[in-house]
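Participant: This is what each chain is made of:
Protein chains: 2
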Amino acid sequence: MAPKTQEPQIVSVTDLPSAQAKWVGLKKIDFVDQTGTPRSWEIAVRKTTSKSGVDAVAMGNIFVHPLKPPSTMLVIQYRPPIGKYTIEWPAGLIDENETPEEAAVREMKEETGYEGKILNTGPVLSSDPGMTNATLKLVMIEVKLGEQEDMMPDQKLDEGELIERVMVPLSELYDRLIEYSKKDNFMVAGKLFYFAAGMHFAKHGGYI
Amino acid sequence: MAPKTQEPQIVSVTDLPSAQAKWVGLKKIDFVDQTGTPRSWEIAVRKTTSKSGVDAVAMGNIFVHPLKPPSTMLVIQYRPPIGKYTIEWPAGLIDENETPEEAAVREMKEETGYEGKILNTGPVLSSDPGMTNATLKLVMIEVKLGEQEDMMPDQKLDEGELIERVMVPLSELYDRLIEYSKKDNFMVAGKLFYFAAGMHFAKHGGYI
Numbered sequence: 001m002a003p004k005t006q007e008p009q010i011v012s013v014t015d016l017p018s019a020q021a022k023w024v025g026l027k028k029i030d031f032v033d034q035t036g037t038p039r040s041w042e043i044a045v046r047k048t049t050s051k052s053g054v055d056a057v058a059m060g061n062i063f064v065h066p067l068k069p070p071s072t073m074l075v076i077q078y079r080p081p082i083g084k085y086t087i088e089w090p091a092g093l094i095d096e097n098e099t100p101e102e103a104a105v106r107e108m109k110e111e112t113g114y115e116g117k118i119l120n121t122g123p124v125l126s127s128d129p130g131m132t133n134a135t136l137k138l139v140m141i142e143v144k145l146g147e148q149e150d151m152m153p154d155q156k157l158d159e160g161e162l163i164e165r166v167m168v169p170l171s172e173l174y175d176r177l178i179e180y181s182k183k184d185n186f187m188v189a190g191k192l193f194y195f196a197a198g199m200h201f202a203k204h205g206g207y208i
Numbered sequence: 001m002a003p004k005t006q007e008p009q010i011v012s013v014t015d016l017p018s019a020q021a022k023w024v025g026l027k028k029i030d031f032v033d034q035t036g037t038p039r040s041w042e043i044a045v046r047k048t049t050s051k052s053g054v055d056a057v058a059m060g061n062i063f064v065h066p067l068k069p070p071s072t073m074l075v076i077q078y079r080p081p082i083g084k085y086t087i088e089w090p091a092g093l094i095d096e097n098e099t100p101e102e103a104a105v106r107e108m109k110e111e112t113g114y115e116g117k118i119l120n121t122g123p124v125l126s127s128d129p130g131m132t133n134a135t136l137k138l139v140m141i142e143v144k145l146g147e148q149e150d151m152m153p154d155q156k157l158d159e160g161e162l163i164e165r166v167m168v169p170l171s172e173l174y175d176r177l178i179e180y181s182k183k184d185n186f187m188v189a190g191k192l193f194y195f196a197a198g199m200h201f202a203k204h205g206g207y208i
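Top line first, the protein sequences correspond to chains A and B.
Each residue of the first sequence is one higher than the last, beginning at 1 in full-length UniProt numbering.
Each residue of the second sequence is one higher than the last, beginning at 1 in full-length UniProt numbering.
Please note: incorrect hints may appear among the correct ones.
No copy is singled out in the list; a pair is fine if it fits within one copy or between any two copies.
Below are the EDC-like pairs computed for lysine to aspartate or glutamate, each with C-alpha atoms no more than 16 Å apart in a straight line [claimed, not checked]:
no., residue 1, residue 2
1, Lys183, Asp15
2, Lys84, Asp30
3, Lys182, Asp15
4, Lys84, Asp33
5, Lys68, Asp150
6, Lys22, Glu42
7, Lys28, Asp15
8, Lys117, Glu101
9, Lys117, Glu179
10, Lys144, Glu115
11, Lys183, Asp95
12, Lys28, Glu42
13, Lys203, Glu101
Note that these hints are calculated values from the structure, not bench results.
From a predicted model like this one, the values you see are computed outputs, not experimental measurements.
Please construct the entire structure, taking both the sequences and the accompanying hints into account.
Facilitator: Spelled out as structure tokens, the structure:
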């Protein structure tokens, strides 16, 4: 991985004609609603949906160590769309002809360096149903560490990917995300925060 | 609300030139990464971001009733971007000059008919950080019901909005979302599922 020499910087943000875009596009959907009324809706689409019919996987990961509290690995990377560093779970697009599970194991290895065991694959979910047709699956992965396994293995990042890893005890996840979101240059990814909020609510809400 | 007379149907999906789109657009971001290398990134943007700097709010709601288990109200609506009915928490865009909290109370009332008390407003979150600059806040709202309060109040939907409401005990939320996602015409929204998965994991995972 090339060394970090400076803070990333946005040089320009320009309108992009649909026809010139390689990764994303705009579509207009004309439809007839439940009352028989013709309507239309504008959406953003990925131009890369895999044959599996799902765009992406995210890896809800749990690291189990004989002497340490169960933890999860978060990835921090500069995200040009928001001009900040985001806190997320490892995730990635599913390649052509790849299953969501294969993509989960591959992306987990690339972004974190670790191999894990899939505990559970969730249903196909809508990423942002008012705005896009993009979909994803949440794959829960467990990584078992040995007592001496304290050094993080090398990542296998694509050229140009710069991803930092941070291990957080699950019991502190919610509070740590709140802390990150108070820093100027950081933003927490919505779905990760919702998972942490669900855990927090189950523990402290007194409702269940 | 106009009566439902038929299943919604998509008539056509056509390419939409950026310049003709009213709600969404495409941008190209040119940036210099941490190693000093010039790169670019394509993103989808909303053309409607409010002055509060946040696009949307979602209402994580808890209904408390003296005789019934604590429950949450989900909204089901036809979403043209995915051509299915989605299961979501009530949510909406923040209007110009409105705070996220004001938008949360307004949208909660419009989509569910209920007024609630805000328990907590979360940090600004990235909706889908690889694809868009869209942001949201999760606002937790509690609605206290009286013993006799069994009829749902009228919604205050915008023209063309058709939203069904379903009340689910919080302890059954995860299983109910899994059930919905097995039906052909339904898809669960990612963020709601992550919250439910976090609750489920905290209760059954044995990790915390």
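Participant: Confirm or reject each hint.
Facilitator: Each hint, compared with the structure:
With identical chains, the CA atoms of Lys183 and Asp15 are never at most 16 Å apart, being 29 Å at best within one copy and 39 Å at best between copies. Within a single copy, Lys84 and Asp30 get their C-alpha atoms only as close as 35 Å, which misses the 16 Å cut-off; across copies the closest is 14 Å, which meets it. Taking the shortest alpha-carbon separations for Lys182 and Asp15, neither the intra-copy value of 31 Å nor the inter-copy value of 39 Å comes in at or below 16 Å. Taking the shortest alpha-carbon separations for Lys84 and Asp33, only the inter-copy value of 12 Å comes in at or below 16 Å, while the best intra-copy value is 39 Å.
For the identical chains of this complex, Lys68 and Asp150 are intra-copy neighbours only, at 11 Å inside a copy versus 48 Å across copies, given an alpha-carbon limit of 16 Å. Only between protomers do Lys22 and Glu42 lie at most 16 Å apart by alpha-carbon distance; the minimum there is 8 Å, versus 18 Å within a single protomer. In this assembly of identical chains, Lys28 and Asp15 lie within 16 Å of each other by CA distance solely across copies; the values are 6 Å between and 18 Å within a copy. Taking the closest pair of Cα atoms, Lys117 and Glu101 come within 16 Å of each other only inside a single copy of the chain (10 Å); across copies the shortest separation is 41 Å, beyond that limit.
In this assembly of identical chains, the alpha carbons of Lys117 and Glu179 never lie at most 16 Å apart, being 30 Å within a copy and 25 Å across copies at closest. In this homomeric assembly, Lys144 and Glu115 come within 16 Å of each other (Cα to Cα) only inside a single copy, at 9 Å, whereas the closest approach across copies is 46 Å. Proximity of Lys183 and Asp95 under a CA criterion of 16 Å is satisfied in neither setting, with 34 Å inside one chain copy and 26 Å between copies. Taking identical chains as interchangeable, the C-alpha atoms of Lys28 and Glu42 lie at most 16 Å apart only when both belong to the same chain, with a minimum of 5 Å there against 19 Å between chains.
In this assembly of identical chains, Lys203 and Glu101 lie within 16 Å of each other by CA distance neither inside one copy nor across copies; the values are 30 Å within and 25 Å between.
In this structure, the earlier hints numbered 1, 3, 9, 11, 13 are contradicted, and the remaining ones agree with it.
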